[in-house]
Amino acid sequence: MAPIIQIRGLSKVYVQDVIGTEHGRLKIRLKDRRRVALENLDLDVEEGQIFGLLGPNGAGKTTTIKILMGLHFQTAGTATMMGRPLGDNAVKGQIGFLPENPFFYDYLTGEEFLNFYGQLYGMTGAARRKRIPELLDLVGLSKAANIPLRGYSKGMLQRAGLAQALLNDPRLVILDEPQSGLDPFGRKEVRDIILRLKEQGKTVMFSSHILADAEMICDRVAILHLGRLIAEGHLSELLSTRIDEYEVQMRNPAADLLAFVHKAAHKVVDSKGDHFASFKAERDALEVTRRLASGEGTLMAYVPRRESLEDYFIREIEGKRAQERAQVGKENAT
Amino acid sequence: MSKIFAIAVNTFKEAVRNRVLYVLLFFAVLILLGAWVASSLAIFGQEKIVRDLGVGAINIISVLIAVFVGVGLVYNDLDKKTIYTIVSKPISRWHFLVGKFLGLLLTIFVNILLMTFFFLLVLYFREYTKDTVLDQLAMDGVQGFSLLVYYLKSAALALAKAFATVLTLGLYNTPVTQGIMEASFLTMLEMTIITAFAVLFSSFSSPTLSAFLTVIIFLIGRANHDLYNFAHLLQHRAGGVENLAGGQFLTYWFSIAACHVAPNLEFFNQREAIAALQRPEVGLYPILYGLAYAAGVLTIATVVFNRRNFK
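Going down the list, the protein sequences come from chains A and B. Position 122 of the first sequence, counted from 1, bears residue number 122 in the working numbering, the numbering being contiguous throughout. Position 150 of the second sequence, counted from 1, bears residue number 150 in the working numbering, the numbering being contiguous throughout.
Think of the hints as simulated: they come from the structure by calculation, not from any bench. Mixed in with the good hints, there may be bad ones.
To be verified - In silico DSSO-like pairs for lysine-lysine, Cα to Cα no more than 27 Å straight-line: (1) A:K27 with B:K153; (2) A:K27 with B:K81; (3) B:K311 with A:K31; (4) A:K320 with A:K280; (5) B:K13 with B:K80; (6) B:K13 with B:K311; (7) A:K154 with B:K311; (8) A:K280 with A:K267; (9) A:K154 with B:K13; (10) B:K80 with A:K27; (11) A:K143 with B:K13; (12) A:K267 with A:K198; (13) A:K31 with A:K330; (14) A:K154 with B:K80; (15) B:K80 with B:K130; (16) A:K154 with B:K81; (17) B:K81 with B:K48; (18) A:K130 with B:K13; (19) A:K130 with A:K143; (20) B:K81 with B:K311.
Claimed, not checked - For the chain B half of the interface with chain A, some residues (derived, Cβ under 7 Å), not all of them: (21) N10; (22) L78; (23) K81.
On a predicted model such as this, the values are computed, not experimentally measured, just so you know. Note that beta-carbon positions come from the ideal geometry of N, C-alpha and C, so glycine has one too.
Chain A on its own, in the form it takes in the complex (with noise of 0.2 Å):
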């Protein structure tokens, strides 16, 4: 089957004006006025996954969406979506859009709101009379219905804008930072939302820089770096599966097992009677439970650590950086 997302090549390079402001300055530019936003990006994303958009700031995620929803226009390369050109109406009917930061009219109520989106995705009276109850109360927003946006808190418009991404029941749901400014609460329920539509076969792509959501929830990601593409795959694909370390949590050891643990362990902490340590080699994270387990302390826990997605991120992004700086180094020395 098709990829319902298929970019290739794509390319984005901004052009800075030569009078403009930075920092609330005027700032004349006459050279320097190209920046790469997004460099020949090849990507695709599968019908029915949760496909993660990750990456520093700056990175090129959010100008991959923009220009897949229209809004912003690529200097190089395609881009389809269900097969289709980008701009297609017929395809932007079947898809959901939360932008980052999303700002919309607030003197609307949120039933009003909610309206005025049902009406540009051409749905009739009766079905928005429907839908519309249905998705305040799917994101919790049910007593807020007849409040005016401007005096929702940041997580309730972002949840406002999530029910407006889903008002078309989408094919394609893209999601801009969707977690940004959530507490912990608001980035649950975003999640779940996902993980729901994703169980009604729905395809979300969004991007995010809040990796442990991203992990727990992605089937796919794609990681860019300065508009490059630096990995994509699924999750067991990149994440190695070797166990990085061990962690042995105990309380009470006995004097001579915690001399060896602060021998072989890399990393011990010390807490009130706890004690946290992580092992290199399964042989001494072994060694230590097994007299544990012989009365020489209590055994509170054993967890072997995988990599995770922070970790693979940050060793993928500082690697790049790496190899940046020595080429730099190279160039100047010539």
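Fit chain B to the known structure of chain A by using the hints.
Using the frame of chain A, we list chain B on its own:
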């Protein structure tokens, strides 16, 4: 079409929440009342003063609404990024622009009708309370409470007549208000062009620059005949374009270019006819000209807007 309508209605809701609109309407009421007061100070030509000032006030306040409310509408959506969630829906960018234009136009039309209604009210009430009538009442011994009742009755009648004139779009009118509805209709046509320019400028520049450019277009449009005549006077004096000296040559071509690029708003100016208590001729030509010109400007706005990256 329903999507354009939805955007237009939403734009109207947005515009009527703009405080600038109410400040301008307040000034309109002040000017219209001022016209009445000013006319009572004049020795002769009172009718002319009231009508001239009234029609002029409606016109100028309409331009100010188009400029100060209009230029911010598209810009605010771009600046606050509201546009992200709108153009990502199954609509084209021109739907958005035309919806904004129609919403703003609806706001201006409603305000023109409100101002016209108030002006008609002033004119009808003034007719009931003009000096000759009051003198006659005094001779008949009407005074005190009876005079107050007469004023209240006049106010009620003026209100009813003003309603009737506006609701029948000028079909019901009396010699006192003759031509006022036609003048308002011509102002609406003129505002159709000015609003299209406000939307065009607002789609690519800041509100301040947009307001400046829209006012310039209005001024050149109003001075269109004069600019044209001025250019030909220069040419005539020099004995031909080829004889014009450097500065004058530039002035000549600037004037010619300006009056060809800017709309000729004199088509919609019938203040003299109305002041002279004549009914202005609203032919087909001003209607076609106004609509075609606005359509042309909106087309340019769409072309500009279609190529934009939204920041």
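| query | Which hints from the list above does the structure break, by number from lowest to highest? | reply | 1, 12, 15, 17 and 22
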